[in-house]
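Peer 1: This is what each chain is made of:
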Amino acid sequence: MEKNKNKYSLIIPTYNERLNIALIVYLVFKHLRDVEFEIIVVDDGSPDGTQDVVKQLQQVYGEDRILLRARPRKLGLGTAYSHGLKHASGEFVIIMDADLSHHPKYLPSFIKKQMETGASIVTGTRYVKGGGVHGWTLMRKLTSRGANVLAQTLLWPGVSDLTGSFRLYRRSVLEDVISSCVSKGYVFQMEMIVRASRKGYHIEEVPITFVDRVYGISKLGGSEIVEYLKGLVYLLLTT
Amino acid sequence: MKHILKIIALLVAVSAIWVGLLETSLIPHSHTWLLPIYFVVALGCYGLLMVGIGLMRFPTCPQEAILLQKDISEAREFLIQRGVDVGPD
Numbered sequence: 001m002e003k004n005k006n007k008y009s010l011i012i013p014t015y016n017e018r019l020n021i022a023l024i025v026y027l028v029f030k031h032l033r034d035v036e037f038e039i040i041v042v043d044d045g046s047p048d049g050t051q052d053v054v055k056q057l058q059q060v061y062g063e064d065r066i067l068l069r070a071r072p073r074k075l076g077l078g079t080a081y082s083h084g085l086k087h088a089s090g091e092f093v094i095i096m097d098a099d100l101s102h103h104p105k106y107l108p109s110f111i112k113k114q115m116e117t118g119a120s121i122v123t124g125t126r127y128v129k130g131g132g133v134h135g136w137t138l139m140r141k142l143t144s145r146g147a148n149v150l151a152q153t154l155l156w157p158g159v160s161d162l163t164g165s166f167r168l169y170r171r172s173v174l175e176d177v178i179s180s181c182v183s184k185g186y187v188f189q190m191e192m193i194v195r196a197s198r199k200g201y202h203i204e205e206v207p208i209t210f211v212d213r214v215y216g217i218s219k220l221g222g223s224e225i226v227e228y229l230k231g232l233v234y235l236l237l238t239t
Numbered sequence: 240m241k242h243i244l245k246i247i248a249l250l251v252a253v254s255a256i257w258v259g260l261l262e263t264s265l266i267p268h269s270h271t272w273l274l275p276i277y278f279v280v281a282l283g284c285y286g287l288l289m290v291g292i293g294l295m296r297f298p299t300c301p302q303e304a305i306l307l308q309k310d311i312s313e314a315r316e317f318l319i320q321r322g323v324d325v326g327p328d
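In the order they appear, the protein sequences are chains A and B. First residue of the first sequence: 1, per my numbering; consecutive thereafter. First residue of the second sequence: 240, per my numbering; consecutive thereafter.
In case anyone wonders, no lab produced these hints; they're calculated from the structure. Just so we're clear, the structure is a prediction, and the values are computed from it rather than from any experiment. Note that beta-carbon positions come from the ideal geometry of N, C-alpha and C, so glycine has one too. Mixed in with the good hints there might be a few duds.
What the hints assert, rightly or not - Lysine-lysine pairs mimicking DSS-like chemistry, simulated, CA-CA at most 25 Å apart:
1) K105/A - K241/B
2) K230/A - K309/B
3) K5/A - K141/A
4) K74/A - K5/A
To be verified - Chain B residues, not near chain A, derived (Cβ > 10 Å throughout):
5) V253
6) W257
7) L261
8) L265
9) T271
10) F278
11) V280
12) V290
13) A304
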């Protein structure tokens, strides 16, 4: 990689991720060498001591590298990104999940792809060669494929993985797109990428693998299919 | 243009062609009347086919889970040395 003068802000929303956040910070520092970056942890008042662990991590890695920007209680994913964004000082912002399903070893490929193509958004995709998932049941794969075919047929979004949430944004682009998004949960991820695509931003993809969470419990509820369909209709009508 | 309008425009165009066929009797009426049903069936088949292909080719990565476990124990060892509380879950 040629000399990279850009600064990257990683925004990681957390809720009860005391173990995962420590592991992910270690792995980020391991895989992002020779790049200027900061990690912004947006914790929604986790009762499990996530913030204490983040403070310990600040002692190890420095308070200028790990920023704890907590909020009093659970306020949702979309606003977590806006909140983190307010404190971000990098030209580029990377958002990722804290549950280790997004491995920091892919960060260099996001950065490399952006530098090669000059893209405004680089999004991780599980559905191409070199990508993949682990730990999914057949039912979950079926739902995921069905949802994807439906969205591809109806929305023509131009990206293969709409609900993935491992993405790199040019900071100004994230600010622009996030202000026009109203969805909650993971429909929010879909709304972000569809709106960005409609606004004509240059979007590139890199393969990522997705290993289902090892520690902690998954926060997706049972009504996710209904929420997804509602989101799809909403995007059909408004974008 | 809102995306739904694009899709409606497409459907209107297809319907116009269908009405045209009905009017001009280019092919027998009995066939033309069945075309919308063929269209819906074809759309359904396309969907099922795409889901089927997607399912068969669903990329999986069992080796990644093993690599992740290695990364986790490596990270734990480092963090415990530095006094970060990563005690048992």
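Peer 1: Okay, which hints does this one fail, numbers in order?
Peer 2: 1, 2, 3, 4, 12 and 13
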